[in-house]
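**Q** Below, each chain spelled out in residue letters.
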Amino acid sequence: MHSFILATTVENLIKSADLWPFNQVHSGVWAALIHTTLVGLFFGLPAFVFIWAERKVAGRIQDRLGPTRVGGRFGWLQSLADGVKLIQKEDLAPDAADKMLFRLAPYIVVVSSFAAFMFLPFSQGLVAVVMDAGLFIALAVLSIEVLGIVLAGYASGSKWSLFGGMREAAQMVSYEVPLGITAVIPVVVAGTLNLGDIVEMQNGGLQNWIIFNSPFTFFAFFVFFTVTLASNKRAPFDLAEAESELVGGFHTEYSGMRWSFFFLAEYASMFFVSALAAILFLGGWWTGIPPIDNALTSMADSSVGGLYLLRVFGMKVILVKAGLMVFVQIWIRWTLPRLRIDQVMTTCLKYLVPMSCFLFLGAVLWPLILLSSFSEPRATLLDFEPIGERVPKRVLVEKELSDEVETTLLGHSTDDKLVSVHKTSGGAQ
Amino acid sequence: MTTKRNAIGILMGVELVLNGANINLVAFSNSNYGLLGIDGQIMSLFVIVLAAAEAAVALAIVLSFYNNHQTVDVDQASELQG
Amino acid sequence: MSELLFYLYALIACGAAIAVVLSQNVVRMAFWLVVSLSSVSFLFFLLGADFVGATQLLIYVGGTVVLLIFGVMLTSSGPYKTIQNSPAELALSGMIGLAFLAVISSSVFSVNWIENSYRLAGAKEHHDGEQLKFGYNDETEGNTTRSLGTALLGVRFDKDYSPEAGKHAHSHGGEEHSHHDHGEVTVSTGYLLPFEIVSVHLLVVLVGAAYLARAKRRVDVQQA
Chain A
1 MHSFILATTV ENLIKSADLW PFNQVHSGVW AALIHTTLVG LFFGLPAFVF
51 IWAERKVAGR IQDRLGPTRV GGRFGWLQSL ADGVKLIQKE DLAPDAADKM
101 LFRLAPYIVV VSSFAAFMFL PFSQGLVAVV MDAGLFIALA VLSIEVLGIV
151 LAGYASGSKW SLFGGMREAA QMVSYEVPLG ITAVIPVVVA GTLNLGDIVE
201 MQNGGLQNWI IFNSPFTFFA FFVFFTVTLA SNKRAPFDLA EAESELVGGF
251 HTEYSGMRWS FFFLAEYASM FFVSALAAIL FLGGWWTGIP PIDNALTSMA
301 DSSVGGLYLL RVFGMKVILV KAGLMVFVQI WIRWTLPRLR IDQVMTTCLK
351 YLVPMSCFLF LGAVLWPLIL LSSFSEPRAT LLDFEPIGER VPKRVLVEKE
401 LSDEVETTLL GHSTDDKLVS VHKTSGGAQ
Chain B
1 MTTKRNAIGI LMGVELVLNG ANINLVAFSN SNYGLLGIDG QIMSLFVIVL
51 AAAEAAVALA IVLSFYNNHQ TVDVDQASEL QG
Chain C
1 MSELLFYLYA LIACGAAIAV VLSQNVVRMA FWLVVSLSSV SFLFFLLGAD
51 FVGATQLLIY VGGTVVLLIF GVMLTSSGPY KTIQNSPAEL ALSGMIGLAF
101 LAVISSSVFS VNWIENSYRL AGAKEHHDGE QLKFGYNDET EGNTTRSLGT
151 ALLGVRFDKD YSPEAGKHAH SHGGEEHSHH DHGEVTVSTG YLLPFEIVSV
201 HLLVVLVGAA YLARAKRRVD VQQA
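Chains as they are written, first to last, in our numbering: chain A, 1 to 429; chain B, 1 to 82; chain C, 1 to 224.
Keep in mind that the hints were calculated from the coordinates and are not lab data.
The structure displayed is predicted, hence computed values, not measured ones.
Just so it is clear, CB atoms sit at the ideal spot from N, CA and C, and this is done for glycine as well.
You may find that some hints are simply not true.
[Claimed, not checked] Listed next, the stretches of chain B that the computed footprint assigns to chain C, with coverage defined by at least 3 CB atoms under 8 Å from CB atoms of chain C:
| no. | stretch |
| --- | --- |
| 1 | 14-27 |
| 2 | 40-50 |
| 3 | 58-65 |
[As the list claims (entries may be wrong)] Example chain B residues on the side facing chain C (calculated, C-beta under 7 Å, incomplete):
| no. | residue |
| --- | --- |
| 4 | 9 |
| 5 | 30 |
| 6 | 53 |
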């Protein structure tokens, strides 16, 4: 399996300490527990904070104060009060409901949203699982959420839920297409699917951020943001929660903690896609101010304390960036009116998909245009190279080839064909 | 796949069968247990894509069937029988 | 540890597959199918095929099963329709399934795995040259994205790059990768053509499915 950075530390600690309860169980289990707790914290706390933030921001936009009673003047413990209230509610299920699926649906949604956090780097090295296809796996795991919604809509046994669930599933599934395309645009620029590496190469200043890499990536950021807004069922695409239309959509029949699971997953997903946008486009944990970044990097190289400082500071930077994006999402929700389902699908299929395809094409052709329009070859306008160019090239060992090389493709000679293979070239890279 | 009369159940059976073949391909492409190299994984990618495409078309056919017969019980599709 | 996980998830995959077949309600069948497909995806991750495992999740679970559930919703004629199978049908289908299982089991058990593992280990030494290293993990530990992508584009650098390439005595399955003694070099073909064919295939499927499932006027049963 893959290497867990924290896990190896934990394993070494446990082996060296040799305490009785801890060394009876395989140390990987303890590492997994610690990782799960940490990821769970990062999953739950942002949701906690953003639920409160939503109510405050909504209140201010609507010219009122929002929660002010629980926890002092700003009401910041409101989420806790909500949680307590929801826990003590009666856990009921409708008679016509399919009991097993009814109970299972919220868990599927929460699990898929939680699992995506495994691949999110909060700072350099602060990532639960390091996988080289991290972005792709995160998006794949997020796509399981649709299933939870559909099952919730179906298993509730009422027609409002069914309609809401199906509309919702159609929306989320259709928006996965432009999500995939616009998420791949920074990957094309960076040359790797590894989220940590994508951020590593945005080091060095504001100009290295992928959003400023080319005009195509600039617009891709906004398209990505819109698409994730729709994929998270946030306004103006929030038909599922359209209380004025569908009574509540797929979560009509849910009460108490089961209902709150849906919203926990939604706010956590909001935070996840905001953090993803920050990582992919906005420079991740680098502030973009060269003196600060260089100071941190040099401190990290020199001492362990410096590395820790870099990591913690980087985590704060990512949290601030993601928080800003979530604030923009909340702001949009309370400003724009809701779209109808046919408008939602039209936006996706007729506008966002062609837009994202065009931006993808542009982002792919951009280095080639640059290569051909400057005197010396350069792939980007600035000092920024995709990771494929940075990895040391493997050079084919130059074999001593005797006289003339007759290169054949499947036995045919290439003398008069367009394709020819040079005898000492670096070949396929 | 052979026990279901519901057309969509048959589709699910087909997915299971294709999945089994996929596991086989990927298992033999593992560097410790097989010699397929990366070819096994490419083949399984193609199988996944083609299975999804086939499920889409089969579902469209099932919808047409439903539009014409108002049921998804494939035993009712007996107009060409004997 | 990974063996334990393998057994656990293989058991879940098979159990869920059996539950798909034995389930009475179509939506529950879809749910068990999801469980089975997700555990198969986890098996892929265990085998070091990250990209394929993620594709399995994305396309099968996030796409195909949702499609199937949509089909169920659009074609159901009652809230929880159950299909009753007659015992004769069950017996016949069970026999077919068991026959198939017997064929596969006999072919699996007739292979002498211990002997072949020596051959595989021997071949593996040839195949190791230097491993290309992009990113955190090794190729064998799951960093397969780059090889897959370039192979789909027609470039097989995992075969053409090894300095041992000149010494290969036997060819690896499928590709014409022969080296002649007087210094010829051949380039492996890659999978560009199947890739393009599959793209056109998907386009055809898109158009065809949209056409087949278009809204038609429902045929009245009384007229039949």
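**Q** Next step is simple, just say for each hint if it's right about the structure.
**A** We went through each hint and held it up to the structure:
1. Using a Cβ-Cβ cut-off of 8 Å, 7 residues of the stretch 14-27 of chain B lie near chain C, which meets the minimum of three, so the contact claim holds.
2. Interface restraint, the stretch 40-50 of chain B with chain C: holds (8 residues with C-beta to C-beta distance below 8 Å; minimum three).
3. Restraint check on the stretch 58-65 of chain B versus chain C: 6 residues with Cβ-Cβ distances below 8 Å, three needed, restraint holds.
4. The restraint placing residue 9/B at the interface with chain C holds, with a minimum CB-CB distance near 6 Å, inside the 7 Å limit.
5. For residue 30/B, the suggested interface contact is upheld, since its CB lies about 5 Å from the closest CB of chain C, less than 7 Å.
6. Because the beta carbon of residue 53/B sits about 4 Å from the nearest beta carbon in chain C, less than 7 Å, this interface hint is met.
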